[in-house]
Amino acid sequence: MSFIKKPRIIHPESRPNSIGLSINDYEGAMSTLCAGCGHDSVSAGIMQAFFELDIAPHNVAKLSGIGCSSKTPTYFLRGAHGFNSVHGRMPSIATGANAANGELHYIGVSGDGDSLSIGLGQLCHAIRRNVNMLYVIENNGVYGLTKGQFSASADVGSTAKRGEANHLRPIDPILTAIDIGGSFVARGFSGDKDNLVPLIKAGIMHRGFALIDVISPCVTFNDHEGSTKSYLHTRQASHAAIYADYIPVRDEITAVLDKGANVVPLHDGGQVQFRQVDDKYDPTDRSKAAGYIRECQERSEIVTGLLYIDDDAPDLHMLSDTSETPLRDLEFKTLNPGAKALEEIQNAWS
Amino acid sequence: MATKSRVNDFVIRIATVNGTGSASANALLMKAIFRMGVPVLGKNYFPSNIQGLPTWYEIRVTEDGYLARSGLTDIVVAMNAQTYEEDLAELTPGGAFIYDSTWPRKELHQRSDIQVLPIPLSRMCNEAFVGSRARILMKNIAYVGAIVALLDLDMDVVHGLLRETFGDKHDLIDSNARAIELGHDYAVSHFECPLDFRVEARKPVTERIMIDGNTAAALGCVYAGATVGSWYPITPSTSLLDAFSNFCKRLRKDSRTGKSNYCIIQAEDELAAIGTALGASWNGARAFTATSGPGLSLMSEFLGLAYFTEIPLVLFDVQRAGPSTGMPTRTQQADILSAAYASHGDTKQVLLFPADPKECFSLTIEAFDLADRLQTPVILLSDLDIGMNDWPCEKLTWDDDYRPDYGKIRRAEELEGMEMFHRYVDYDGDGICYRTLPGVHSKGSYLVRGSGHNQYGGYTEKDDEYREVVDRLRKKFRTAASLVPKPVIDTYERPHGAIISIGSCDGAVRETRDRLEKEGLRLDYMRIRAFPFDVNVTDFLSKYSRIFVVEQNRDAQLRSLLLTEITEGSEKLVPILYYGGRPLSSLDIIERIRTQLREDKAA
Ligand SMILES: Cc1ncc(C[n+]2csc(CCOP(=O)(O)OP(=O)(O)O)c2C)c(N)n1
Ligand code: SF4
Ligand SMILES: [Mg+2]
Numbered sequence: 001m002s003f004i005k006k007p008r009i010i011h012p013e014s015r016p017n018s019i020g021l022s023i024n025d026y027e028g029a030m031s032t033l034c035a036g037c038g039h040d041s042v043s044a045g046i047m048q049a050f051f052e053l054d055i056a057p058h059n060v061a062k063l064s065g066i067g068c069s070s071k072t073p074t075y076f077l078r079g080a081h082g083f084n085s086v087h088g089r090m091p092s093i094a095t096g097a098n099a100a101n102g103e104l105h106y107i108g109v110s111g112d113g114d115s116l117s118i119g120l121g122q123l124c125h126a127i128r129r130n131v132n133m134l135y136v137i138e139n140n141g142v143y144g145l146t147k148g149q150f151s152a153s154a155d156v157g158s159t160a161k162r163g164e165a166n167h168l169r170p171i172d173p174i175l176t177a178i179d180i181g182g183s184f185v186a187r188g189f190s191g192d193k194d195n196l197v198p199l200i201k202a203g204i205m206h207r208g209f210a211l212i213d214v215i216s217p218c219v220t221f222n223d224h225e226g227s228t229k230s231y232l233h234t235r236q237a238s239h240a241a242i243y244a245d246y247i248p249v250r251d252e253i254t255a256v257l258d259k260g261a262n263v264v265p266l267h268d269g270g271q272v273q274f275r276q277v278d279d280k281y282d283p284t285d286r287s288k289a290a291g292y293i294r295e296c297q298e299r300s301e302i303v304t305g306l307l308y309i310d311d312d313a314p315d316l317h318m319l320s321d322t323s324e325t326p327l328r329d330l331e332f333k334t335l336n337p338g339a340k341a342l343e344e345i346q347n348a349w350s
Numbered sequence: 001m002a003t004k005s006r007v008n009d010f011v012i013r014i015a016t017v018n019g020t021g022s023a024s025a026n027a028l029l030m031k032a033i034f035r036m037g038v039p040v041l042g043k044n045y046f047p048s049n050i051q052g053l054p055t056w057y058e059i060r061v062t063e064d065g066y067l068a069r070s071g072l073t074d075i076v077v078a079m080n081a082q083t084y085e086e087d088l089a090e091l092t093p094g095g096a097f098i099y100d101s102t103w104p105r106k107e108l109h110q111r112s113d114i115q116v117l118p119i120p121l122s123r124m125c126n127e128a129f130v131g132s133r134a135r136i137l138m139k140n141i142a143y144v145g146a147i148v149a150l151l152d153l154d155m156d157v158v159h160g161l162l163r164e165t166f167g168d169k170h171d172l173i174d175s176n177a178r179a180i181e182l183g184h185d186y187a188v189s190h191f192e193c194p195l196d197f198r199v200e201a202r203k204p205v206t207e208r209i210m211i212d213g214n215t216a217a218a219l220g221c222v223y224a225g226a227t228v229g230s231w232y233p234i235t236p237s238t239s240l241l242d243a244f245s246n247f248c249k250r251l252r253k254d255s256r257t258g259k260s261n262y263c264i265i266q267a268e269d270e271l272a273a274i275g276t277a278l279g280a281s282w283n284g285a286r287a288f289t290a291t292s293g294p295g296l297s298l299m300s301e302f303l304g305l306a307y308f309t310e311i312p313l314v315l316f317d318v319q320r321a322g323p324s325t326g327m328p329t330r331t332q333q334a335d336i337l338s339a340a341y342a343s344h345g346d347t348k349q350v351l352l353f354p355a356d357p358k359e360c361f362s363l364t365i366e367a368f369d370l371a372d373r374l375q376t377p378v379i380l381l382s383d384l385d386i387g388m389n390d391w392p393c394e395k396l397t398w399d400d401d402y403r404p405d406y407g408k409i410r411r412a413e414e415l416e417g418m419e420m421f422h423r424y425v426d427y428d429g430d431g432i433c434y435r436t437l438p439g440v441h442s443k444g445s446y447l448v449r450g451s452g453h454n455q456y457g458g459y460t461e462k463d464d465e466y467r468e469v470v471d472r473l474r475k476k477f478r479t480a481a482s483l484v485p486k487p488v489i490d491t492y493e494r495p496h497g498a499i500i501s502i503g504s505c506d507g508a509v510r511e512t513r514d515r516l517e518k519e520g521l522r523l524d525y526m527r528i529r530a531f532p533f534d535v536n537v538t539d540f541l542s543k544y545s546r547i548f549v550v551e552q553n554r555d556a557q558l559r560s561l562l563l564t565e566i567t568e569g570s571e572k573l574v575p576i577l578y579y580g581g582r583p584l585s586s587l588d589i590i591e592r593i594r595t596q597l598r599e600d601k602a603a
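Protein sequence lines correspond, in order, to chains A and B. Note that our numbering has the first sequence beginning at 1, numbered continuously upward. Note that our numbering has the second sequence beginning at 1, numbered continuously upward.
Extracted from the complex, chain A is given alone in its bound form (with noise of 0.2 Å):
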């Protein structure tokens, strides 16, 4: 839908951050998607935190793959350069393009269908690459956009819209992505964007795979009682581990940390504050972060915050040493060996 034509409203109270640009320049096409759903406040969240970093859209590259989530790329950051790849793949082209210039900052948004089941695989495979991006899970339970079938993140005993509950166990991509070494793992809540936007900044600037799974309803087919991704229930069973803030380097010296805040140093300069609910908890060690999350799971709670960071694992590029340049801008001339070094290889041969 990306030519109807959106009228720009300019909010009377939208002042242009430190490039020049306002909020509007943040977003993109007008949704398409169902009025209250929750992929629509995360879209919301992503804008804000764009222009609330100084970045200019083009140097985003947006990717998603197939499912109401995947569409929501169209919804922001009209300057970005966009992929809407196929169903699941996305994790793949993402890790592609990031390896031919990982100058610039990639965010891919994804469904619980599309990253849980058919791309479950290519998830789990970026995360140990730890490719550098942000990537959101839109998380509603369900296949919203082939009309409401159980998804793999779906709890024992959610039921569905026609009553029938789902049995199978849930996959949590948070305890999956801190078992295969994430990175950067977060939960956040698309009616909460006053968590969130702070873990969408957090994610972009940590330097490796930022997972970000946010629980964000599907008012069509899975917002009624019983289910335990509505909008009511998430609101009822969150329990915030942790609120987190991204600090820029701008602000580094007037930041004032809350009582009991904690900092991790991020590796664009910035950092990350914390100020933690449990004191029990510390999202810089794996094994205890798990643990944690599996105990609030039990207790049939929603736990969300910044729960796990390191932000010096090493990423795909330093993983594969490559050069300082963007690969796709090395001259040809760097990259031809020429035909008095053909000629050379060859000596081997005759």
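Bear in mind the hints are in silico, worked out from the structure with no lab data behind them. Note that the structure is a prediction, hence the values are computed from the model and not measured. Take these hints with a grain of salt, some might be off.
[Claimed, not checked] Straight-line C-alpha distance at most 25 Å; calculated SDA-like pairs for lysine to any residue:
| # | chain 1 | residue 1 | chain 2 | residue 2 |
| --- | --- | --- | --- | --- |
| 1 | A | K333 | B | D401 |
| 2 | B | K259 | A | D312 |
| 3 | B | K253 | A | L342 |
| 4 | A | K340 | B | I365 |
| 5 | B | K395 | A | A348 |
| 6 | A | K333 | B | T257 |
| 7 | B | K259 | A | I345 |
| 8 | B | K259 | A | L330 |
| 9 | B | K203 | A | E344 |
| 10 | B | K443 | A | A348 |
| 11 | B | K259 | A | M30 |
| 12 | B | K259 | A | T325 |
| 13 | B | K443 | A | G20 |
| 14 | B | K408 | A | D312 |
| 15 | B | K259 | A | A313 |
| 16 | B | K443 | A | D54 |
| 17 | B | K358 | A | G20 |
| 18 | B | K358 | A | N347 |
[As the list claims (entries may be wrong)] Listing some non-contacts, in silico: residues in chain A with all C-beta distances to chain B over 10 Å:
| # | residue |
| --- | --- |
| 19 | S287 |
| 20 | G291 |
| 21 | D315 |
| 22 | E343 |
Cβ atoms here follow ideal geometry from the backbone N, Cα and C, with glycine treated the same way.
Fit chain B with the ligands to the known structure of chain A by using the hints.
What follows is chain B with the ligands alone, placed relative to chain A:
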């Protein structure tokens, strides 16, 4: 018995067990003949297994420089008791049968039309060497020694090769030389050396190399400036990425920082392999992936996406025998149709068909240029025979003035001056539009989508907007036909018909034509090198009343493709098919062609 004409014209077949180190012995033997200036080719028949199963290596010595199996076996070196019987049966009358007579076998002496040469290889090596591994390895080197004597090979050449192979590992040079001597001396003192089959040194006119197609293709990737290679291991394509990796380590490290000017990603499967290459290509790097049949099937969805969203990509399909897992270590050309129409919907792919390693190199360069120029995947269909066997080739050459053709890309300066950028508008009328690279300029951004889109790149489900795009894609495919490599055509004055073929059939077809010419049957020949078919292909088809389509698959896939795309003359196109998995020989096809031509004459 062999006549004098068997100088530099015969086939040796060496039967061994895989995992016993016979590969290096066979390579040594082949290289020695090659170094003597005599055309030689080697075919490896290996099982899909790591250790303990029968393996054969076939060396054809061919003064005439034919590039196919002859289909005959003149000398057998039988090192595997499991296959003695079958190896004996393979031997052409007049041939020689060498076997390890440490354990003598009476039954091997029953054929009176051949010569049996028993050599107690194991016993000699057990006496001369210590340790079971060394004994097994040296047994192989010892038969090379015997052959050196029997074929009158140049011992200096053999010693030179040992020194090249082992460098400063003097103990290895010595033990190998010792094993050579054992075999050699035994042969000299027990048989009449040389045999009638033998090698006479020549001075070759052109400088030649021995190379396999996967190595040549990998080198092509390096020279074309590819920086991202992604893959998932599968025989027979694995050695392509292995070679690329080795070349990159040598040639693609930044001279100052030592960092890599390339990135190789071993993906989790073929879907991810092609996705990664596609993502890199979208972002402006030259990228490729390599696979074989099963991988091609998995890549199908992404091939459709790349076709519809118009992203360049180079894909190597080193074909093996299908269907399904098929025979992973046997060769075939049975992916032609599934590659040409890979993916659902109205999808068509550009294919290139190299015939030998030299073309694997040159067509790889063309593949990258074509992919960028046409903004679409280009699939190089080679096969196991080309990809994994060592072929004698003219030396590869490079023109330092070559510059890659990156096709129509709007760069930052152009975008700056533009009102608005539209991704899929056909400004030039050739069906090829302008693309932009991510992050280059704010005006260049657009959203790639595999869903229905209009010429501006926007989402659409409108009849006319959709058709405008897919009709232009058809037009682009027609443009492609004029850009792809032309067929190679060979003609006679008054031909009796013609042959059309592709890829690795070339050697066998050329040999067939030579032999038929001697019988007074002249067949013109077109070797197709690309799909879509250009006007030369159409013209050729219309010229003859009898055309043999030679290919290595059961269902006459090239013939089907010709008939589907050109829609002419199904009666006159006679399929000549071989699909048993061995590299094609003229013996596999000549009789059927001969018979048909006789019938045609009689009619
Ligand atoms: C290969 C393939 N199989 C099936 C589909 C159909 N399909 C489209 S979206 C979708 C599920 C999407 O679910 P999810 O990722 O959770 O996104 P949501 O719509 O819930 O946001 C399916 C199965 C497809 N597009 N491609
Ligand atoms: S079906 Fe569900 S997921 Fe899809 S747009 Fe509507 S509310 Fe959102
Ligand atoms: Mg969903």
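Hints versus structure:
no.: 1; hint: A:K333 x B:D401; result: holds (10 Å)
no.: 2; hint: B:K259 x A:D312; result: holds (20 Å)
no.: 3; hint: B:K253 x A:L342; result: holds (16 Å)
no.: 4; hint: A:K340 x B:I365; result: holds (17 Å)
no.: 5; hint: B:K395 x A:A348; result: holds (12 Å)
no.: 6; hint: A:K333 x B:T257; result: holds (17 Å)
no.: 7; hint: B:K259 x A:I345; result: holds (21 Å)
no.: 8; hint: B:K259 x A:L330; result: holds (13 Å)
no.: 9; hint: B:K203 x A:E344; result: holds (22 Å)
no.: 10; hint: B:K443 x A:A348; result: violated (50 Å)
no.: 11; hint: B:K259 x A:M30; result: violated (44 Å)
no.: 12; hint: B:K259 x A:T325; result: holds (10 Å)
no.: 13; hint: B:K443 x A:G20; result: holds (17 Å)
no.: 14; hint: B:K408 x A:D312; result: violated (40 Å)
no.: 15; hint: B:K259 x A:A313; result: holds (19 Å)
no.: 16; hint: B:K443 x A:D54; result: holds (18 Å)
no.: 17; hint: B:K358 x A:G20; result: violated (56 Å)
no.: 18; hint: B:K358 x A:N347; result: holds (15 Å)
no.: 19; hint: S287; result: holds (25 Å)
no.: 20; hint: G291; result: holds (28 Å)
no.: 21; hint: D315; result: holds (12 Å)
no.: 22; hint: E343; result: violated (8 Å)
The earlier numbered hints that this structure contradicts are 10, 11, 14, 17 and 22.
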